[in-house]
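So the sequence lines, in the order shown, correspond to chains A, B and C.
When you line the first sequence up against our numbering, it's residues 1 to 496, in that order.
When you line the second sequence up against our numbering, it's residues 497 to 1137, in that order.
When you line the third sequence up against our numbering, it's residues 1138 to 1242, in that order.
A portion of the hints provided could be inaccurate.
Only pairs whose alpha carbons sit at most 20 Å apart, straight line, appear in this in silico EDC-like list of lysine to aspartate or glutamate [stated by the list, open to error]:
# : chain 1 : residue 1 : chain 2 : residue 2
1 : B       : K1086     : A       : D301
2 : B       : K1098     : A       : E159
3 : A       : K158      : B       : E1093
4 : B       : K1105     : B       : E1093
Pair by pair, the computed Cβ-Cβ distance ranges are [unchecked claim]:
#  : chain 1 : residue 1 : chain 2 : residue 2 : range
5  : B       : G1048     : A       : K364      : 43 to 49 Å
6  : B       : N519      : A       : S155      : 35 to 41 Å
7  : B       : K1107     : C       : I1207     : 35 to 41 Å
8  : A       : V19       : B       : V1127     : 51 to 57 Å
9  : C       : I1223     : B       : V1127     : 36 to 42 Å
10 : C       : P1195     : B       : L1114     : 36 to 42 Å
11 : C       : L1148     : A       : D190      : 58 to 64 Å
Keep in mind that the hints were calculated from the coordinates and are not lab data.
Quick reminder that beta carbons are idealized off the backbone N, C-alpha and C, glycines included.
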Amino acid sequence: MDILTLFVVVPVLTVLALVFTKDLKQARTVSMLGSFVQLGMAINLVFAYFKEKEVNDSIMVFMKDLVWFEHFNIHYTVGVDGISVAMLLLTAIVVLAGVFISWKMEDLPKEFFISLLVLATGVYGFFISIDLFTMFVFFEIAVIPMYLLIGIWGSGPKEHSAMKLTLMLMGASAVLLVGILGIYFNSNADGGDLTFNILEIAKVNIPFEAQKLFFPLVFVGFAVLGALFPFHTWSPDGHASAPTAVSMLHAGVLMKLGGYGVFRIAMFLLPEGALFWGDFFLVLAAIGVVYGAFAAIRQTDLKYINAYASVSHLGLVLFALLMLNKTAWSGAIIQSLSHGFLTAMFFALIGMIYGRTHTRDINKLGGLMKILPFIGAIYVITGMAYLGLPGFSGFVAEMNIFVGGFQHPDMFHRVLTVLAVSSIVVTAVYILRLVGKIMMGPLETNNVENLPKATWYEKTGILLLLIPVIAIGVAPLWLSDMIMDSIQPFIQGVIK
Amino acid sequence: MDITYIYLIPIIPLAVFLLLGINSKKIKPAVSGYIGVLGLFTSFLLSIYTAYQYFFVIGKIDGEYQQFIDKTTWLNFTDTLHIDMGILVDSISIMMLVVVTTISLMVHIYSRGYMKGDDGYTRCFAYLSLFTFSMLGLVLATNLFQIYIFWELVGVSSYLLIGYYYTKPSAVSAAKKAFIVTRFADLGFLIGILIMGYYTGTFDFETLNAVNPETGMLVLNWASTSFMGLSVIAWGLILIFMGGAGKSAMMPFHIWLPDAMEGPTPVSALIHAATMVVAGVYLVARLFPMFYFVEDGFALNIVAWVGGISSLFAAIIAITQTDIKRVLAFSTMSQIGYMMMALGVSGYDGHEGVGYMASMFHLFTHAMFKALLFLGAGSVIHAVHSNYLKDMGGLRKYMPITNITFLIAALAIAGVPPFAGFWSKDEILVAAFENNQILYYIGVFVAGLTAFYMFRIYFGIFWGKDKKYEHTPHESPMSMAFPLLFLAGMSIVAGLIPFSEYVSADNKGFEAHLNYPLAAIATTVGIIGIALAWVFYKKENSLSDKYAKSFGVLYKWAYHKFYFDELYLFVTKKIIFNRISAPIAWFDKKVVDGTMEGIGNKTVVVSDKIKGMQSGKLQDYAFAFIVGVVVLAGVFIYLWK
Amino acid sequence: MIAGISIYEILTLTTILFFIGVYGFITRTNLISILISVELIMNASVVNFVIINKYLYPDMLQGVLFSIFIIAVAAAETALAVSIIINLYRQIGSVEVKETEIMKY
């Protein structure tokens, strides 16, 4: 079996194995082992990719093609470039960390881990597919378990949140499907068969009229998942209700499908549409960046703060993608990765704090650093990384985006870039407000003195996420070059 | 020349930070203190060695101090733009290396005594090392982006150290304020960097600052694009200076500095007096050729005026404050204003560049005596457990070493010969006199004010009323006294270094002469200030209150720091929080989310309405069916006719 | 072929019969009446089959055959329906449509 298909097969096998487990202990062990294998494969893939790239110069490597449904020319086609490799690594790490964080999931553990891994399967499949239809199928596989995960294991108004989230994402999927079919039916503009294969379609000149029509559909379809203003409202409620590991996976990985899809499909296949619609969506994205940051200042629920922060940070991803140049795009991808790790860390920490103090209201928390030194220290580090401190991945990403944005000769892009840059100050405000409120200051009275310290599995989960954040932040060159190389063929369509 | 060993200077503190930071709970306090001091001592020795090598052995080639650069690519943006990491060795970076490692070493030694018994002893040393690492990285930066990176790291170490007593709400909010205010200023810095990067295609100081030896002008073509009548490069410089002003606590970004005194006193000495706050001055000096040549020094003029005004403003406030650390904080701001002003009035070639040299000289001497003042103040605070002047008095009997060293520092800052401050201040005034008379008069006036407020607190602490103390104050232990003595020694001799030989704008060096008339005026003004303080504060009396009353409103305004804090509070609380953030949060909840929820709710309502049609009665369905058939039949018949 | 009577007259008759059935089906509330109405509709169509066969294609038999087929099916269906109705009557003691709404939703 080829190296990529294994990425889908292993989680499926893990799910099958989970079906036969009896209790929490078995379920978590099986999930952990499965995710460990997955992480090993992802790391191996990075090395294999570099090795393969030396001899193989095509856009996608490790290609595999199987006919799935001949009549409509639907194939199961897989292949990766540097960007998908990075995304797969992100997914593998976040899933494993998520399993560790859910170590004490007492409630229906088997079903929980099964749903979690089904979700992961969808995400893995999405990142390796290069056939639009297969991609869409995996996309749906990833979105559906979310409903169960929030609806069953969530907290607060979980049914409502789960419903809202699923309906909005499904609505987006419907729009997206129309867009994808639109691309499909225009994929023979130069003669030849209709095809779903991205690489084939990219060679075809889709008529401008069609691009103009379908770009917004595809873009919005994906961007809803990437929390584009004003379609972001599923995210705060959804995150607030979701259990910890699900928030981690959702904000850390699932939301990245949005930016990735925009990059892979909307930008690559519909470049003229992107040029036509770019400015309009750019304004929306820029609004999202600033708006999310300002909205985060006023929230009092830890998860809401993080959700709005995600709106702001992922707004930056879409913003960078719409800047349509190499530096900004590379920034967008690194920002996706960086935000994936960081937000997963944040949600994990929030889960730990909530698990101990049973509140997420920042007005009821204070001085936790004193009693929870590990969690406190990591929280401060995460906060600092989140506000773009050099030495962490966020800085690398943001600088790529800002420099990229500023490379535009015209005033419009510049002004928007400056607007986006100003969000770093607002980010500092809400992060420091948060850290100052809950970690520092006097101990709030309703906190019990003897809260349990962080356990080994919590520490493992957190460190798994922290290591790549620092690795990217301290030595970004290997990642940045890998991504830049992979962007090259994609940017050409836009430049021409 | 092999300069790679210089990498060790910042890396050793980093290693110490990682060691202490990760194992903060496992390492015994006594051990961690030694680790910190030892690490810094190594860096200190290396810096001294580097300075010796550079200034006396290899630095000067053909009568000009050379730049040595070693760098590697850290991140690629475009084909031409990239961030490098490396070290740049020239006279000012070497000078800063010496300043930072010296002060940091002294502060490390001092902290062993001052922080004894504190919970976070190890944490303190870890943060100090982190700060030292970042500051050294900043000093050695080879390009704008590298300096920005370390700039931010310095900012965060400052945040951590101000918030060192993190259970104290005032410390937490001071830390937050410091970070956010400087972050806001850094926004300007970052945008300035972006502008530079785009219009010049490089971030390297080497390329940006390159001066054509034949024409004596900047190689860079700065006049190609203009925006609102000013070259974009000049705009970039102004924005970069905004970052510098934020970190150096210039108006109007100064509000964080007094609050930053919430940190432990050694930290204030290291960060908020001697090293970090001069980063802005260093930044301007680093880009000095650009500041000087672009638009004929338009941006440099702004630097001069901001420096001069901040200097005056801070000196006036300093007179009225009662917290000795705050007096010192405003004094720092005032002295940094001096340095900025000196840079601003400087020329480039030879003796014309006296302002540049004076600024660096003052930076050097100021670091010594201001650190000494802070450490002395720390020693006093350690003894009487209060920051306030009203709790002090007559301490000279109990603390002889502190008394003497504080006096030396006060004399140095007041500009009394032959102490260090006299020499550097004199050069600054010379530069101002030659280029900008108004700033010169401001400078002289500030010199008088400085002498006055400094002796006000000196007399207030060590003379004045004889207070009865609950616990008899005692002299500090040797670990604290040694740095005081060392720095006092430096404050005496540092002024005698022939600085202009080594540091000058065009790197060629020149011979500076004392300008006797100007020196006499400045010294006289300083002595008048001291004499006034003598009259007012030597003995306990009511003279000062009477005069304070006679100034009325001015006194009140100065006491309240000209209401800058209130202004900022108004802007952040009232405008950002309540006028921007709250409406956005409301808008999100009600309008954006409301629309989405509304669509959902309306769907439910509509489906509730039409639900009745699915009655489940076969006959209704049959009726609908038949009506449908009839209608369709009618339509078809009509159409086919 | 019936002398003196054209196909239109018979078709008119069956149409009337059909719509009477439809009317009964929609308006009646008694299950038995509804069943009878369905029979009327069915019979109208059976007559149509036979008539159209006889008048248009006299030498063919499909229409007639089909009508026999329908009659057979109708008989079976009626038996089924009646048995349901009887069972329903035993359950709820009524053959009114309204009373059978317990299965709704």
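>> Tell me the numbers of any earlier hints that the structure contravenes, in ascending order.
In response: none
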